[in-house]
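Colleague: Given next are the chains, with one letter for each unit.
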Amino acid sequence: MNRLWWTQVKAVIRLELKKTFFAKRGLWIYAVAALPVLLFIAYAVVTSNQQHRSARIAREGEKPLSYQDLLAVKPGMTKDQVVATLGRPPLDIHWTERRPTGPGAFDEIQHERFQYSDGQNDLFVEFVGDKVEGANVQDAYNLGEDAIVFAGVFQFFFLRLAIFFGCLGVFMNLFRGEVLDRSLHFYFLSPVRREVLMAGKFLAGLLATCTIFVTSEILQTLAFLWHFSPRARDLYLYHHHGLEHAAAYVGVTILACIGYGAFFLVAGMLFRNPIIPAAVILIWEGINPFLPALLKQFSVIYYLKSLCPVEIPVSPGTPGLFALLISNADPVSSPLAIIGILVVAFVALAVSSFQVKRMEINYTTE
Amino acid sequence: MNDRIIFEDVSKFYGEILGVNRVNLSIPPGITSLVGPNGSGKTTLMNLMTGLVKPSRGRIQVLGINTDDPENLFKIVGYSTQFDAFPRGLTGFQFIYSYLCLSGISAQEAERTAWEAIQRVNLVDAASRKIGAYSKGMRQRIRLAQALAHNPKVLVLDEPLNGLDPLARAEMIALFRASAAAGSYVIISSHILHEVDVISDQVILLSNGYVVAEGQIQTVRNEIQEHPTQILIRCDRPRELAAKLFESEYMIEASIHKDGRGLLLKTKDADRFYLTLNHLALNGIQIESIAPADDDVLSVYEYLIGNEEVVR
Chain S
1 MNRLWWTQVK
11 AVIRLELKKT
21 FFAKRGLWIY
31 AVAALPVLLF
41 IAYAVVTSNQ
51 QHRSARIARE
61 GEKPLSYQDL
71 LAVKPGMTKD
81 QVVATLGRPP
91 LDIHWTERRP
101 TGPGAFDEIQ
111 HERFQYSDGQ
121 NDLFVEFVGD
131 KVEGANVQDA
141 YNLGEDAIVF
151 AGVFQFFFLR
161 LAIFFGCLGV
171 FMNLFRGEVL
181 DRSLHFYFLS
191 PVRREVLMAG
201 KFLAGLLATC
211 TIFVTSEILQ
221 TLAFLWHFSP
231 RARDLYLYHH
241 HGLEHAAAYV
251 GVTILACIGY
261 GAFFLVAGML
271 FRNPIIPAAV
281 ILIWEGINPF
291 LPALLKQFSV
301 IYYLKSLCPV
311 EIPVSPGTPG
321 LFALLISNAD
331 PVSSPLAIIG
341 ILVVAFVALA
351 VSSFQVKRME
361 INYTTE
Chain Z
1001 MNDRIIFEDV
1011 SKFYGEILGV
1021 NRVNLSIPPG
1031 ITSLVGPNGS
1041 GKTTLMNLMT
1051 GLVKPSRGRI
1061 QVLGINTDDP
1071 ENLFKIVGYS
1081 TQFDAFPRGL
1091 TGFQFIYSYL
1101 CLSGISAQEA
1111 ERTAWEAIQR
1121 VNLVDAASRK
1131 IGAYSKGMRQ
1141 RIRLAQALAH
1151 NPKVLVLDEP
1161 LNGLDPLARA
1171 EMIALFRASA
1181 AAGSYVIISS
1191 HILHEVDVIS
1201 DQVILLSNGY
1211 VVAEGQIQTV
1221 RNEIQEHPTQ
1231 ILIRCDRPRE
1241 LAAKLFESEY
1251 MIEASIHKDG
1261 RGLLLKTKDA
1271 DRFYLTLNHL
1281 ALNGIQIESI
1291 APADDDVLSV
1301 YEYLIGNEEV
1311 VR
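Order-wise, the sequence lines are chains S and Z. At position 5 of the first sequence (counting the first as 1) the number is 5 in the working numbering, and the numbers step up by one without a gap. All you need for the working numbering is the position in the second sequence, starting with 1, plus 1000.
This is chain Z alone, in the form it adopts within the complex (with noise of 0.2 Å):
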């Protein structure tokens, strides 16, 4: 398949240390997140999908390139690592400039392009100046637009939005669905759940080396049997609802809200209960809001791996 990035049976072991271990993964265009605690394999899965280091078992395909063919895998790739080093002496734009001539393009097409590529990553104001002398957040902004700057299809960011400001942040996320919507492969890695949630088209939850999850949020929360849904409802009679959510058989447990216009509830059946509750607010109880209560990230990431290993 050569419009997916392809793990089949990948390995990777650092001597005796596991990095990662059977992973099989399919991954398509859109945003995918990779998430777990350190030490999980989410930087060993990056570095093994951009050929720095080679899977000790297995096979890896970008679009149909082998990761140790690097003349044409960083045609298409472009991959923000978490290495805080870059090559002595620099200014951000000679980075970015010669990383570009290394790919062969003419100087002054890779002078246009580093600009722009910096432009992207609003860092003008300081591209002259040595990388030494930048802050956490430029060094980071300067890594993206490396990644950026030759238009790859498949983004591989390591830790992307570390040490930006809100700002920032809101800034690269809106460039990473820029890309994605246009067709490309974004693949990050975060610990920042919430932001994950807000971003993933997908997600890839990964625990000890092993790929415990994978797919988009909602369908990996339904197949998690043993957890019951909950589902948060704003409505201006919540203890007669609940009683009347009770009559069904699938309704495990409900609590009222501090403030007595809320219900938090937990149920064995989300379709069905959706079915009562439309019901329900047809014989009169004012339905103000329904959401639901952990399908994101960190509740999925809590269910499937336990609380002790959640990254929050």
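This is chain S alone, in the form it adopts within the complex (with noise of 0.2 Å):
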């Protein structure tokens, strides 16, 4: 690319940057960035509510226990046993349940619930009667779990709906947009090469989709992380790859950009309508894992999911189209998936600019 070429593309990207980051028609872009941080904060506050609330039951025991101390409690145990283990609940519940044994004849049966803390994890002891029914431990978080937790919000909202649907909305007006606001000519009129003003205006978009979806994806990992102990969060990041799985997800969020963006690039000069492009690329994205090997090489997703860090079980009994779905059972090497990637989003610009030189100026058929 020539020095003139590099101040032209640099001016297309200033005017548009302004239009994409402050246009009212985007708005619905930031709400859909925002969506899955909301969630891990409304995650977070009630997982730091539960967290303070284990904690004062524990303050509020008879001595301090252990998570060891909670899992020795068994059924069949009597009251008094579980009281000589673990000391007076601080937490006792109790009720009635008036249980039928004909007509107008009824027995009391006596229920009782105790509530133990170790500061962290609950213990919660169903008693009937006399004699233990039920011992339940409830961790009150698991870096494991939360971490596939996230890595599903991610697949399966992030990328597939919200990184999606964003670029549509960014990508797609980046000519079409103009093409309805009447005000294309006034790109059309300068002494700019139509793949010179193409370039510009591609990268401009995944300049703002980038900065919008990648501030998401951090704000989205401190929130995940907020409600842990320092010591918990350093053993994540630092010790089980958390540092390089926000690192991998940081760098999915901006290959999806490119991907998705190429696609609705070129989809938003070919379809005066974006709803049937949209649907057309969500529907192949959605139908890849049940497609031939060499077709799924003609999909972002494939590339995408190959390339996420953390893979979510499937769990037993999970109906098999489902399964599919989340199983990735056919990846492809990083190295591999982010030249496929970049090898399609070439090959989108390469439509998209033999599309902008013979793009005409005629509102009136719009």
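Calculated directly from the structure, the hints in this document are not laboratory data. C-beta atoms are modelled at their ideal positions from N, C-alpha and C, and glycine is treated no differently. Each hint should be verified, as a subset may be incorrect.
Said to hold, decoys possible - Below, computed lysine-lysine pairings styled on DSSO-like, alpha-carbon distance capped at 27 Å:
| # | chain 1 | residue 1 | chain 2 | residue 2 |
| --- | --- | --- | --- | --- |
| 1 | Z | K1266 | S | K10 |
| 2 | Z | K1075 | S | K18 |
| 3 | Z | K1266 | Z | K1244 |
| 4 | S | K24 | Z | K1130 |
| 5 | Z | K1136 | S | K18 |
Stated by the list, open to error - Just so you have them, the derived chain S footprint on chain Z, three or more residues with Cβ under 8 Å:
| # | stretch |
| --- | --- |
| 6 | 1030-1044 |
| 7 | 1063-1075 |
| 8 | 1087-1093 |
| 9 | 1249-1256 |
Assembling the complex is the task here: the two chains are given apart, and the hints tell you how they should meet.
Modeller: Structure follows, in structure tokens:
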């Protein structure tokens, strides 16, 4: 790219960024990007409250308990045995159940629930009469499980919906929006090669979507880690690949913006109604796991799934089709996945480049 | 030819609708007006000239540059369109400045040049206001500033005087004339024919997508043989003058003006008529003025296309 073209690309980016970031019709993209952040913030707030409650219960207990103490309670133990092991419960709820035994006759069954905590994990002991009927330990938080939840939200909401529709909103409007506004001639009357204009618009869209969605991704990670103790955070980030995972998610977000951006840029030039290409691409991406190996390669999600750092485990008993959606049966290596997305994007941009040269200003037919 | 705007057998169809058909033109420097009613193909011709639409057939070159080469074309071409839409949220200054920045010049030079262009169209006071708040005339002027900003050799102006008040019209016309005098190519479309008449060096008359005539207006008029030339003469003895003129075979019709001091004549040979008139003037009839009455664009257009299509 020669110096003049680069200067022109920068001029296009400056104009487009202003329009993209401050366009009223693009406000919903911020809302979509903020949704998973709000979800993780809400989750963090609820979990944090639970932690405070657990800590309070632990403080109010007769003696400090360990996680092993909580596991010591087994069904069939008597109330006295439980109290002897864990002390008097800080929280004790009891109620009476009237169970009918015949016409007008009832048995009164005494229920009681003790709650203990080691400060982080809670134990719920259910008594029927004097015997332990059930003892459930509820882990206050589990970074491993939460990381899988995070991966699920990332793959099934953030990638497939938020970034997908966000890119649709930004990239399809780069040319299409200006045709509808009847202002595209402003660019077409300037001494700029159409391909340079397209490159500038694409880079502006990419900068805008990357800024919005990478910020969202970083905020999601912060919200996700917020309620963990500093020690647990350090352990996760520096000893359990947490930092690598966070970087990988940012990388996948950027690649998703490149891939979907290129797709929607060309779609915005070829179609008048954005709903049609959006639906086609959404369906194509959705049925990707069921496609033959060769066809899979012509989609963005195929490569993105292979790059996601945390694989979502398929629980036993999950229906076959759903399991196929969750699992990545045919993954490609990371370098190949990155090259794959870049090639798909390059092909889409080459088509855009051809298309933009053929574009005419004829607003009356729109 | 690298010193002309060339159309070679150019046709443009919008689906089945004709834009222009089989246009062959060679436009020299100076002010050239495109004249024709709505739908005659004026804007299509301008859009073709600037590459905004592609010809269905034929070839167009602007001073040797193909219209599908915007990088070079718009270094020498400025186009003020009729599209009344602008990029959102820009002030008048930002509009011109952004346009200049797109050409790759430095920010300082773009700023200086933008202010110069804004000054040329007298819009300095409104330059920092959003274009969305501009009046129609101000939007017209800012479009003109965009077309003029980079001092192009070829100025293409689609209805440039629309929405302008008389003073602004006069200023703009002076601007176009100055550009043409400096050797520029100024292509203007207008439906206000008397203004076209005043400013044009040559005209291109269009009807239903076809070029029906082109050239200097007098030349075009002289070529229309089936309509006699009309001449208005102000003199002291119009009846006597009419009688003497009818002695010649090329006079067709004469009518006395109602104030009794003028004569409207129709002749089929203007050159011989003027020779005879000189002779009569020497023989004592006092002639105050002689003016052609139908070598304006309106008359020529009426003769060529017919009354029903004339745009006044």
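Colleague: Would you mind marking each hint as holding or not holding in the structure?
Modeller: Here is what the structure says about each hint:
| no. | hint | in the structure |
| --- | --- | --- |
| 1 | Z:K1266 - S:K10 | 65 Å, violated |
| 2 | Z:K1075 - S:K18 | 26 Å, holds |
| 3 | Z:K1266 - Z:K1244 | 14 Å, holds |
| 4 | S:K24 - Z:K1130 | 17 Å, holds |
| 5 | Z:K1136 - S:K18 | 25 Å, holds |
| 6 | 1030-1044 | violated (count 0) |
| 7 | 1063-1075 | holds (count 7) |
| 8 | 1087-1093 | holds (count 3) |
| 9 | 1249-1256 | violated (count 0) |
Consistency with the previously given hints fails for numbers 1, 6, 9, ordered from lowest to highest.
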